[in-house]
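Protein chains: 2
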Amino acid sequence: MNATAAPAYAELARVYTRLYRYQHLGAIAGWDRNTMMPAKGNEARAAAEAELAALIHRTRTDPRLGQWLEGAEREPLDELARANLREIRRDWREANALPERLVEAKTLAGARCEHAWRSQRPANDWQGFLANFREVVKLAREEARLLADDSGLAPYDALMDRFEPGVRAADIDRMFGAVRQWLPELIAQAQARQSREQVMVPQGPFPVAAQRALNREVMTLLGFDFEAGRLDESAHPFSGGVPEDLRLTTRYSEDDFARSLLGTIHETGHARYEQNLPRGWLGQPVGNARSFGIHESQSLSFEMQLARGRPFVGLLAPLLRKHFGDQPAFDPDNLYRLWTRVRPGFIRVDADEVTYPAHVILRYEIERPLIEGDIEAEDIPGLWDEKMRSLLGLDTRGNYRDGCLQDVHWTEGAFGYFPSYTLGAMYAAQWFAALRQKLPDLDARIAAGDLEPVFGWMREHIWSQASFLETPELVRRASGEALNPRHFRAHLERRYLRR
Amino acid sequence: MNATAAPAYAELARVYTRLYRYQHLGAIAGWDRNTMMPAKGNEARAAAEAELAALIHRTRTDPRLGQWLEGAEREPLDELARANLREIRRDWREANALPERLVEAKTLAGARCEHAWRSQRPANDWQGFLANFREVVKLAREEARLLADDSGLAPYDALMDRFEPGVRAADIDRMFGAVRQWLPELIAQAQARQSREQVMVPQGPFPVAAQRALNREVMTLLGFDFEAGRLDESAHPFSGGVPEDLRLTTRYSEDDFARSLLGTIHETGHARYEQNLPRGWLGQPVGNARSFGIHESQSLSFEMQLARGRPFVGLLAPLLRKHFGDQPAFDPDNLYRLWTRVRPGFIRVDADEVTYPAHVILRYEIERPLIEGDIEAEDIPGLWDEKMRSLLGLDTRGNYRDGCLQDVHWTEGAFGYFPSYTLGAMYAAQWFAALRQKLPDLDARIAAGDLEPVFGWMREHIWSQASFLETPELVRRASGEALNPRHFRAHLERRYLRR
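Those protein sequence lines, which keep their order, are chains R and A.
Residue numbers for the first sequence follow the working numbering, so the first one is 1 and each next one is one higher.
Residue numbers for the second sequence follow the working numbering, so the first one is 1 and each next one is one higher.
Since the hints were made in silico from the structure, they are not lab data.
Even glycine gets a Cβ: it sits at the ideal position worked out from N, Cα and C.
Any given hint could turn out to be false.
As the list claims (entries may be wrong) - Below 35 Å or equal to it, Euclidean Cα-Cα: the simulated DSBU-like pairs (lysine-lysine) are:
hint, chain 1, residue 1, chain 2, residue 2
1, R, 40, R, 106
2, A, 40, A, 106
3, A, 106, A, 138
4, A, 106, A, 322
5, R, 438, A, 106
6, R, 322, A, 40
7, R, 106, R, 138
8, R, 387, R, 106
9, R, 40, A, 40
10, A, 138, A, 322
11, R, 138, R, 387
12, R, 40, A, 106
13, R, 40, A, 322
Unchecked claim - Per the computed footprint, the stretches of chain A lying under chain R, defined by three or more beta-carbons under 8 Å from a beta-carbon of chain R, are:
hint, stretch
14, 34-45
15, 228-235
Stated by the list, open to error - Here are some of the chain A residues that sit facing chain R, going by a computed Cβ distance under 8 Å:
hint, residue
16, 18
17, 25
18, 28
19, 51
20, 52
21, 53
22, 177
23, 180
24, 181
25, 242
26, 245
Chain R with its partners taken away, still in its complex shape:
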């Protein structure tokens, strides 16, 4: 954009470039805290990070931004700048919609609830949890109401809009409603088929150094650019850093290499999205990844669509033999069976690809009425049990620890996020459906080690688009239709009922 023709827009762009750089410092400080920092550095680091957060907040709420936004709306902007302006406005609205008093109170209540939860969960102490959690719910409702007033959306939509811009509860209802109908039967059928399968579990120990080398080799195979990122270790794996310098972490257990390997593949999907955002747009909101669900579509494309598929497993097997020596369980057909086992269980993060959506639907069906005031926090365990029973056939009565106390999301007051996980799975299935339509020999090419068709499709339709389009339009242009859970169902049926 020409700064003379669009002075207000130029001012906004300058502020957002500055914010991008501040966020860079925060990303590195946060990565370091989780991977490198010795224990006694914690207090000073917390103070430095909080100071930066306050600076970023002041910058995002500078009163001049509102005037520049108004001014920029009347300036002659090209399509890209207009998209950027839309994203700036979204960010500005989010930063300004909530009074600082509420943000602070909610952060404090969430931190208090989370801190107590660390011991309440192992102690199965729902009543103790409830004492703190009621305040979290109260403040989240207030937050949702204020965001709703500001945006004109319904309260739950307003929360979800922060993670999935443009996606509404009505869409989720329709899609999750459909999944709810066919999922329990599909799980039962898959389990019935698998009950006849023989599966060997690889026998460890798998030395950490060998796992590290394996992970690096697989990341390289998946196109991760080690000149623009790293793989390290942390207690809780995460993907951090900045698009120019991605910092993935994992954690190793000598008994089981697969959890770290598949987790690293998952994170590599996130990383390739970030590493391939358009360089020229970086620094402006239009250059950011589109949403949490689209992000998850990349990690699940890599982990579920690609890596747990039979063709890619055929590429992995020789690498396992190379790094760990041979054993019968490394037969690719066996690995494929092992990594696609369907097992209804209590814990979401341990769930397989087929039962995972049940965990998400359950949470969505509880958190939405909770935010809308149709149920209260006290009602959660009863609803949890009822839904676990109908979706997965499991009895969770009295087992809060492995039930409604298992996640940190609600504990910290993050409502509206859960749907993104399953949206991501659906998007990923839809991307691969589009890709297979274009390339009917996709599986043969993957089996032959040619992954470029996958990367090329993602680069063209997702990575290079960043936040230029809103999510629904991105999905339509990429796949020729709106998000359609049919593709997810077809993927599951093909993999689990017809192998």
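Position chain A relative to chain R; hints supplied.
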């Protein structure tokens, strides 16, 4: 301080706490850049660090600081707050004395000169260097003049004051003048004695993993707190991080463990000073380390006074055997002879303890008249050669590469820093003289592995004092007299002429 009784001081303290936290983020980003960052992260990191530098500059030059400084001078402050106010004023003066135009021009000229120097030095291209260097000198003179106008000091004093607050060229003249008299003869005598010594050089390879373990063990012996710091690797070793979380680096060569080991011991001296600054003062300028020379007195106390002394070498020898296996060269008497070899040479950073001051005196005697306009850049090689001849008996004619092109300091425009190296060596000798007077059996205690007397003395007289006192007063209270080069001479004579 009570914020009600001293509102202006309270405002200043708030701003400096904020600056401390900003600097924390910069320290971690800089450490990461040198140790962890992959190549392609460089551009975004440079932009983020520059943004932070601009923010810190804006914060230090906020016009309200001047008013608050005036206000605080009239407020009822205790002794500690008054010392802090003095340090804040110094920092404020330094930040505000120079127009931004000059700071930018000097940074640019220094960066240009340094960049070309990287290839000019190996090419021995003094004339090419001179073309850029003249501009650096011109801007450094302007800087010195403005700092002098502002502070009332002479121009060179004003530059040196940034590194050694309170120390003047008249002091340096007196001390370096004395050293200049006795040093050449002392070097000659030490060499004559050593010419009769047999020295064995340890034979490698010394595996990097074993060196790493050795360095960690020696750092632990020297009291480094690994819960408040780390040792990593970088191309150019440095000591970074923050007092709460010190980040040392080293680099390994399999041929020679001693360079990394002794370098690490040197950095550990710096680190212990930082790790032991009074926690309650951190965040305010009064809590900072006193000066570059006092800092160097800590690294040289650890490396030269302690670690290269015969009693400590006796502690190191068994550790070398433990990590590398035994060999005859690990005999402590042999190691002591090896690590105290006197060898006049061209390169300052490779110099031994005895010839090192000659390198510094030479630079001081050139840079001071250069800044004061008594000589020009063209005159440097001739003066360099003349002084190398008289101080170390070496001929450097035509050898710019190993002569006046060897350092990065002038190249980047950093004048007034060099004296700190030798001030540090003198302070260190003076600390140990005071310590030996108090504890005549010091060597026996070190030989027995009891290092607490050294740490305790440093803690009481240096570390716990931070910037509460100005340097001359700190020196007087610690050792009972002003800085006196006699102690340095006595140390060298004892170690090199009477062993």
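Results of checking the hints against the structure:
At roughly 27 Å between alpha-carbon atoms, residue 40/R and residue 106/R fall within 35 Å of each other, so this suggested pair holds. Note on residue 40/A and residue 106/A: the hinted pairing holds, with a Cα-Cα distance of about 27 Å set against a maximum of 35 Å. Pair hint residue 106/A plus residue 138/A holds up; C-alpha atoms about 9 Å apart against a cutoff of 35 Å. Between the alpha carbons of residue 106/A and residue 322/A the distance comes to roughly 51 Å, so the proposed pair goes past 35 Å and is violated.
Straight-line distance between C-alpha atoms of residue 438/R and residue 106/A comes to about 58 Å, which puts the hinted pair past the 35 Å bound. With a CA separation close to 30 Å, the supplied pair residue 322/R and residue 40/A stays within the 35 Å bound. Straight-line distance between C-alpha atoms of residue 106/R and residue 138/R comes to about 9 Å, which keeps the hinted pair within the 35 Å bound. This hinted pair checks out: residue 387/R and residue 106/R have alpha carbons roughly 29 Å apart, not beyond 35 Å.
Taking the CA atoms of residue 40/R and residue 40/A, the gap is about 31 Å. The hint holds against a cut of 35 Å. Note on residue 138/A and residue 322/A: the hinted pairing is violated, with a Cα-Cα distance of about 55 Å set against a maximum of 35 Å. With a CA separation close to 24 Å, the supplied pair residue 138/R and residue 387/R stays within the 35 Å bound. Between residue 40/R and residue 106/A the CA atoms are separated by roughly 38 Å; this puts the pair beyond 35 Å, and the hint is violated.
Among the hinted pairs, residue 40/R with residue 322/A is consistent with the structure: their alpha-carbon atoms are about 30 Å apart, no more than 35 Å. Under a criterion of three residues with beta carbons nearer than 8 Å to beta carbons of chain R, the stated coverage of the stretch 34-45 of chain A is upheld, 9 such residues being counted. Check on the stretch 228-235 of chain A: 3 of its residues sit with their Cβ under 8 Å from a Cβ of chain R, so the three-residue criterion for coverage holds. Checking residue 18/A against chain R by beta carbon gives a least distance of about 6 Å; that is within 8 Å, so the hint holds.
Below 8 Å, beta-carbon pairs count as interface contacts, and residue 25/A has one with chain R at about 5 Å; its hint therefore holds. Because the smallest distance between the Cβ of residue 28/A and any Cβ of chain R comes to about 5 Å, under 8 Å, the interface hint for this residue holds. Taken as an interface hint, residue 51/A checks out: its beta carbon lies about 4 Å from the nearest beta carbon of chain R, inside 8 Å. Given the 8 Å rule on beta carbons, the hint for residue 52/A holds: about 6 Å separates it from the nearest Cβ of chain R.
Checking residue 53/A against chain R by beta carbon gives a least distance of about 11 Å; that is not within 8 Å, so the hint is violated. With its C-beta approaching chain R no nearer than about 44 Å, residue 177/A sits outside the 8 Å limit, and its interface hint is violated. For the restraint placing residue 180/A at the interface with chain R, the shortest Cβ-Cβ distance is roughly 44 Å, beyond the 8 Å limit, so the hint is violated. Using the Cβ-Cβ criterion of 8 Å, the hint placing residue 181/A at the interface with chain R is not satisfied: the shortest such distance is roughly 47 Å.
A hinted interface residue such as residue 242/A counts as satisfied when its beta carbon comes closer than 8 Å to some beta carbon of chain R; here the least separation is about 6 Å, so the hint holds. Hint on residue 245/A holds. Least Cβ distance to chain R is approximately 3 Å, under the 8 Å limit.
Hint violations for this structure: numbers 4, 5, 10, 12, 21, 22, 23 and 24, all remaining hints satisfied.
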